[in-house]
Amino acid sequence: MSLYEGAVKRPIMTALCFVAVVVFGIFSYSKLPIDQLPDIEMNTVMVFTYYNGASASDIENNVTRPLESTLNSCSYIKHITSKSSENVSVITLTFEYGHDIDDLTNDVRDKLSMASMSLPDDVQTPILFKFDTSMLPIMMLSVTAGESQPALYKILDENIANPLARIPGVGTVSIAGAPKREIYVYCDPAKLEAYNLTIESISALIGSENRNVPGGNIDIGNESYSLRVEGEFEDPNEMRNLVLASRNGSNIFLSDVAEIVDRTQERAQETYSNGIQGGMIIIQKQTGSNTVEICNKIMSMLPELEKTLPSDIKLGIINDGSEDIIQTVNSLAETIIYALIFVILVVYFFTGRWRATVVVSVTIPLSLIASFIYLAITGGSLNIISLSCLTIAIGMVVDDTIVVLENVTTHIERGADPKQAAIHGTNEVAVSVMASTLTIFAVFFPLTLISGMTGVMFKQLGWMMCIIIFISLVTSLSLTPMLCSKMLKLEKKPGRLHTILYSPIQRMLDGLDRWYAGLIDKSVRHRKTVALLCLGIFVISLLFLSGIKTEFFPADDNARISTTVYMPIGTNTERSKSIANYLATTWMKRYEEDMKVCNFRVGAADDNNTFASMQANGTHIIAFNITMVRQSERHYPISQVVEEMRADMEALPEINRFMVRQGNGMSMGSQSSVSFEVYGYDFDETDKAANDFLTSIKKIEGVGEAYVSREEYQPEYQVDFDREKLAQHGLNLTTAATYLRNRIYGATASYYREDGEEYYIKVRYAPEYRTELSDVENIVLYGSAGNAIRVKEVGKVVEKFAPPTIERKDRQRINTVTTIVSKGAAMSDIVAAGKQIISEMELPDGVSIQIAGDYEEQQESFHDMGVLALIILLLVFIVMAAQFESLKLPFIIMFSIPFAFSGVLIALGITGTALNVMSLLGAIMLIGIVVKNGIVLIDYTNLCRERGMSAIYATTTAARSRLRPVLMTTLTTILGMIPMAVSHGEGAAMWRPLGIAVIGGLTVSTILTLVLVPVLYCAFQGFEIKGERRRHRRKLELAAYWAENKGNMIRNKAAKISPVKK
Amino acid sequence: MKSVFIAFDQVYTERVIDLLTRLNCRGFSMVEQLQGRGSKTGEPHYGSHAWPSMCSGIIAMVDDSIVDTLLAELHKMDIATEKLGLRAFVWNVEKYI
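Chains as they are written, first to last, in our numbering: chain X, -10 to 1051; chain Y, 6 to 102.
With the rest of the complex left out, here is chain Y (with noise of 0.2 Å):
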């Protein structure tokens, strides 16, 4: 079992969600309200005047096998659309209830 955290512009919303679904991730955790940047090119997501779009974050917790298959997929949604913004990220779970 792997954690997954992705961090998106919020216009991906209904994309990744959709995405979880097809991959039959069925749990996940999600901060719809997000603040960030990225760490090279990434624009600022503050919600801010200057820097009005906003990030959301998803916390989805995936079996292994499938992992790849969901970062291939979000790194494809990312590629075609590289201005708004997509990153994830993965953690090994080491217990659980």
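Chain X on its own, in the form it takes in the complex (with noise of 0.2 Å):
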């Protein structure tokens, strides 16, 4: 017993088994995660060595070079990229895709135990570090505090990141801008030098006097005792009443020579959210949990946490994580459901029975609820690739169902009874069915094999099309002929309402037929005019490709614009402090009603601010986090706002170079970059090089911004001291620099602890004593012999320019030029820019440049995809071979792929669309749906032929005949994808090229396959038959010639064979 046969005689195992799916995906779907992309396989491993005093071009030669060298030698590796600065040497290694990064990062490991044995001796033991997704913050909460800001570190630290720390699947939560308490004991040095103090001597004392001693046990009678020294301070002013020495019976107080502050850092990072300062807290995920599900925890127990705050402390969202996610998944399902009733109505439209069309519509819920299942066995997620992945099923699922139901109302209106139809209408479809189905998976299969960033995407969207495919062919042979003999009867009367509304429908319908079929007479019989036309709609498509431009991935708006602005180097907190407040305000006033939080820090991080500490910052650094209206609500595009922010920055002459990026940073769905790698060994050769470069580039329309990576030099004031005059009074280098340092950066005497926490105790000249340079010359440090010298005697302060971080990759020394493709242009634009640029330079020796960034990986992912698309094409072709049996009827089928493409680049061109790897997705897609259309013609045509029906009135009845069922399959794939083309929501961009070349490749190739697959098919078959007829006459040829020289021929042959009886 066949699959359709068993169905429709056990109606209730059938059903109650689709059933069941449903549960087991309902079950499913309410298990997964949701989630922005699918898991992102990590490519990169990091090395940090340490290697303390070292200035940069040390590192370079002691420590980045031969780690390089040594680590080059690691399996699968694809770049390996360098910084060199002063103390620590970090180098990127970056790994071709689809390896198991933990075998890799063992490889490292072995790497560098190995190469640790050729390095300085003083060098730490290099630490190795995998870059995560994980480090992405999930969610950044803005803090604003009055009264409270002193303390506002300890506050949010016990009240907020604490118990935020304690929700699982939360990984660090770091706080920003809230500096820490310290004590300050900051001495007069004309007192110290009076009394002959130093601040080493202050400090100890402070750490010997702020002890508390265990002092053993004591029995006293019976009892026995503990016996300590409780010495720790319990009030920072205690510390005033220290006794530094005794002089001539009187004592020195520390309050005599110096001043107790007990107050906050120095110097440290401040924050400021829409102009009021606050601090910031970072929270970041463990790896492989799930952010809405964290977010969503975070956000239930703020309102409690808040409580707990002091009254003036106010906490506000910078970055919610999961609202991203939730919009962009609210916003699919939309489409999804649009697709859906999109889909329906088509069936209607052309079935005209609300019957057929429940039975067709069943299938989609089906086949996409059972892909949930396979989703939450594979570990998967909600996120855009798989719901992408179901509007683009929708259209598709239905095409099997339709063409059995077509053949099962066939049966039925010959007069069978619906049972008996379903089973023998099944029965006759099967084979092409599943043919057609083969040809979807011939294109979504290989599409699994792919690596890389684009494999991240089509990879899950494979699987997912394959699991969708074969669900809905599987129900389209059971579910659907029981369906079908349950539902389906002959309608002997129909409905009056049916009639008045459906009877313009099906006229129109009819009509369409005639006038097909009449099409198809005519231009099977000018059959070289039609192939010349569709030949001339290509050549002219081909125009289109001149005017379309190729980005990488299209930038999608998620309202978030970060920017980070460098100011000299050098420049203090406080000018770079009142820049971005400038900024900031500017801002805030021009888009007042779209931005809805302005967060900016400034200053140099903590060491132990995790997240800040990762990133770039410094004195002369801003970082701005913008969180814009949703775009919907919103008077400006992002891509202006953008545009307007660089144009203000490039105003102001203050700011040295400035990055504004659109999006979370990630290189899907921000704007795409072009890097311009420098290579060269000489600093000066390629500084200028790089910086000619950057001149031309700024001046090509569609560069954004443009900025070189390596920094300028940087002005420092050094210490040269006079080792023979040191080594006179006793000192050495070491001494004499830790007596510096002691005074300018304070010497950590000890911690001061109240209610469990501990603070530094720092003592330091006061901030006064420390503004010129004369301070530092006049700093007194003390011989072996305890006699004062002054710097100035052994040594000279003098101003240097300490060299940038040295940049390398794949070995060699490099410094980039990155450009921002703005809005409007196109990568390949800037590219082209570029090369004519690099094309005009004169490079002096030893110097190139070459283009890398996202074009780099661009042109890897069309590579890959180029290849993709010859593998289906070669598919496609043996699935449809295999069918017919036949190598020219698939040849002729396959015409119907380059007008595809036509419509592709018609459609591009149109609406000004950039040609990107989700539009060249779409491209590949259509090789498996459009051949379709070919099949069910030419299989129908073939039926025809069989028939015994000559060639052209054969290709005119298939014509009249499947051109409903090509058109209804066509229309529901085309109407499926129109939500996600036209959509505006949250992530549509990302889709929307794809949703556009489908749809323009689908609808022109069908067009044309309607009428070019049945001339081609007449054409052939007049080859065939003329190639027939010549070889017939041939053989009677010689049939003719054999019989009159028949009697010559073998008598000689005769004679040949006996010439001796001659």
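Hints in this document: simulated from the structure, not taken from any laboratory. Note that beta-carbon positions come from the ideal geometry of N, C-alpha and C, so glycine has one too. Treat the hints with caution; some may be incorrect.
[Said to hold, decoys possible] If you anchor each label on the Cβ, the simulated ranges turn out as follows:
# : chain 1 : residue 1 : chain 2 : residue 2 : range
1 : X       : R485      : Y       : D68       : 46 to 52 Å
2 : X       : S(-9)     : Y       : L39       : 17 to 23 Å
3 : X       : K(-2)     : Y       : K100      : 36 to 42 Å
4 : X       : V11       : Y       : D68       : 49 to 55 Å
5 : Y       : I22       : X       : K475      : 19 to 25 Å
[To be verified] Only pairs whose alpha carbons sit at most 30 Å apart, straight line, appear in this in silico DSBU-like list of lysine-lysine:
#  : chain 1 : residue 1 : chain 2 : residue 2
6  : Y       : K100      : X       : K408
7  : X       : K585      : X       : K566
8  : X       : K408      : Y       : K81
9  : X       : K478      : Y       : K100
10 : X       : K482      : Y       : K88
11 : X       : K481      : Y       : K88
12 : Y       : K88       : X       : K475
13 : X       : K781      : X       : K877
Using the hints, put the two chains back together into the complex; each one sits in its own frame.
Now the structure itself:
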């Protein structure tokens, strides 16, 4: 018993099997986490190596280069980039995608242990660090505070950060912009000198006074007591009365030479939200945990936590990672609903029967729900990819069902009862349904094999589509016949309402059938004209090619802008802050209604702020985080805001360079960048080349911003000690340098403990005694004999420039010019302009410029997709050749593919959409979708031929009979995509190009296929018949020749065989 | 006793067997998959790509008195759904065991 026969004969079992699938699917759905993207495989490992005291070039020569040459032998390495700066070397290894990062990390570790032998002795052991998406913050909270500002850190740490960090899945909670409390002992150098005291001695004294010392146990009588000395300060002011020394019977108290100040850190990062100072709480998640779930928990906890805060502290949300995800998922869900409605309407429009519509529509939710089971089993999530996949699939899952339903209806109309009609009707089309499903498999299965950035998206898409299409195939061969047998019946008398509503549609469809049959009848008699006409259309469509720009991924509008501003190196926090304030007020005024949060951080970050220390920070750097209101409620598109912000910053001469990023800064969805890498050893030459290039590229239209990666030489004061003079005083360089450090940076004397918290007690010069160079020069050092010497006596304070960070890529020094592609411009234009500039530049020997960045990734992806398209073409050909047992027919059908590409080009050209990975994916999908139409047409034409019709009559008959199924399946796919192509919701920008490409390609290709394929079929049949006639004629001629010359030939042969007898 | 050979489109199967049961014709032999085509208008039933439908055949042993009723009923069935195709032929049964 076949599948469909079994299904029809056992309707209860069939129905319940599918009910079980639905129940299991819904259960899986309820368990599915929601996320932005599928898990992205990581391919980056970083190696940090510290070598204290070494300059950038020392680090480069002694640490980076040996490590690079050893690490270069790791397998699957794509690029090695490195940054050698003072004290530290950071090497980043980028691997080819598709390999297990843990194995690769082990390999790196082995190589490192090998290399560490050749490193200088003082180098610390290299630290391995795997980059992970969980490093990106999932939520940022802004905190504004009034009088609680000085104690903000402690309040936030205890009341917010600690409770939040206890939520399962939350990784680190960092507090930025809330300086910590520190106790300073500000000394007066003159008084110190007068009393012959040093910072060191004060610091040592404080350390030894501020202690609790256990004194052992003592037995008194029968009791045992422990003995303790409790000397820890209970109040910082207790320190005032510490006796530093006794001179001539009188005590010198600490308060005589110093002032005790209980305050916050002197230098700290400051954070402002909408103009009010406060702090920022940055929450990162643990790897593998679910963003939406964590954000929800945090959001539900916040109101309670807020109650524990003093009334002047207000919490706000700068960035909620789950908001984006939920918006995206909601807008996609909306798209799915629209697609569903469209598809159902199309089915009703063509069949005119509600029963048939129900039978077809049932397949859609079934196939989609079943795919949730797959997601749940493989640990997937509901994300942009999986949901978009459902939208794409909606139009395609009904195709098989439509074919089956159509054939069963034909049987019923011929008089069969529904049950028998369902079995035999399905039996007749089962093979062709499977074949056309196989062509879809042929398209989507190879997608699962791609790796890389594009692989992240396509792997899940490929699997999902394969699963959904497979379920739809099974449904069409089991549930559909069962439902047909139960629901369909011969309509002997149509209802009145139906007649009124549907008869105009019916008349129109009948007319269309007739018109199309007539068109085909004419076309097949003018085959050359039609073929030339189609060729003409193809050539015209190629003209659009020149107008189409290319990019990598479409830029998305997620209402977020991040900006980093670099002032000249050495600018102090105050100056940076005033610029930041100016920018913030300008922007907040201009986009008053549109800007939700304008947050900025300025100043150098503290070491224990995990988030900030991973990002660029310094007194000259300002980092903005701006959240706009949602796209639909906004007056300006984000791209315009970004452009205007760039113009504002361009106008400020104080700003050295800036980076404005739209989106979350990941390579998907943000604006594309093109990097021009200047390779060369000599700093001056590469700097000059990079700057020349920068000046030229900035003039090119479409370059949003451009900057050089190498920083300027950093001005600094160095104290050059004279070693001989130091030695005369019994000092060495380290001792002298420590004296300097303790006075300016401060010496950590001890910890002040209060309520279980520890605060630094730092002894240093009071701020007013470290504002001038002469203050440094007058610092007093004490020699081994206790003699006082001033710094200027043993050394000189000179201004110098420290070399910048040395960047290398693939073991060569590099200086990168990065350009951001602005709205409306395309990456291809900038690359072309860049190439032009490079060819015009006169580069010195040993300096070369190469193009990288998103462009490199784009080229790789485009290449991958080209290979993929070839594989898919071949697979589709194989499937069709196997079905038709012919090499000629698949060849004819494949003529519809070039027109799909024409359609894609025309659609992209008209809508002004750039060619990117998404539109290419659309084009690739079309290979499978468009040949389905050809298969349906040719299959029926073949059938007519087998029934003995002439070629022309067979094509006309087939055309008339197959027009509706072809239009129906095509329209379901096209209309299913329309919501995707026109949607402006969150995350829609990503998929719009795909929708546009598929709609354009499928429309043009279907219209042309419907004419061209019958014409080509007739043409090939004509060639075949001519060929057969020719062969037949030759056979006849040969036979005639043989009959005429038979006697002679036999005689001659016989003579040759027996020449002797002659 | 007559032998009636009924050749029909597969989709009739249930209806024909029902009819035989109703007329109390108990004995019959059936070939489920049968190829064939009609002499005049009947479409071929080959189970092939071009002619996917198939026939079934039933040889029923029927009492003389029922033959006419049976043929009449079958004819009614055929006329109702002409496109499917149903034919019946009657022989004499000479001997049987």
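Results for each hint:
no., hint, in the structure
1, R485(X) to D68(Y): 46 to 52 Å, "holds, 49 Å"
2, S(-9)(X) to L39(Y): 17 to 23 Å, "holds, 18 Å"
3, K(-2)(X) to K100(Y): 36 to 42 Å, "holds, 39 Å"
4, V11(X) to D68(Y): 49 to 55 Å, "holds, 54 Å"
5, I22(Y) to K475(X): 19 to 25 Å, "holds, 21 Å"
6, K100(Y) to K408(X), "violated, 39 Å"
7, K585(X) to K566(X), "holds, 21 Å"
8, K408(X) to K81(Y), "holds, 21 Å"
9, K478(X) to K100(Y), "violated, 45 Å"
10, K482(X) to K88(Y), "holds, 20 Å"
11, K481(X) to K88(Y), "holds, 16 Å"
12, K88(Y) to K475(X), "holds, 22 Å"
13, K781(X) to K877(X), "violated, 95 Å"
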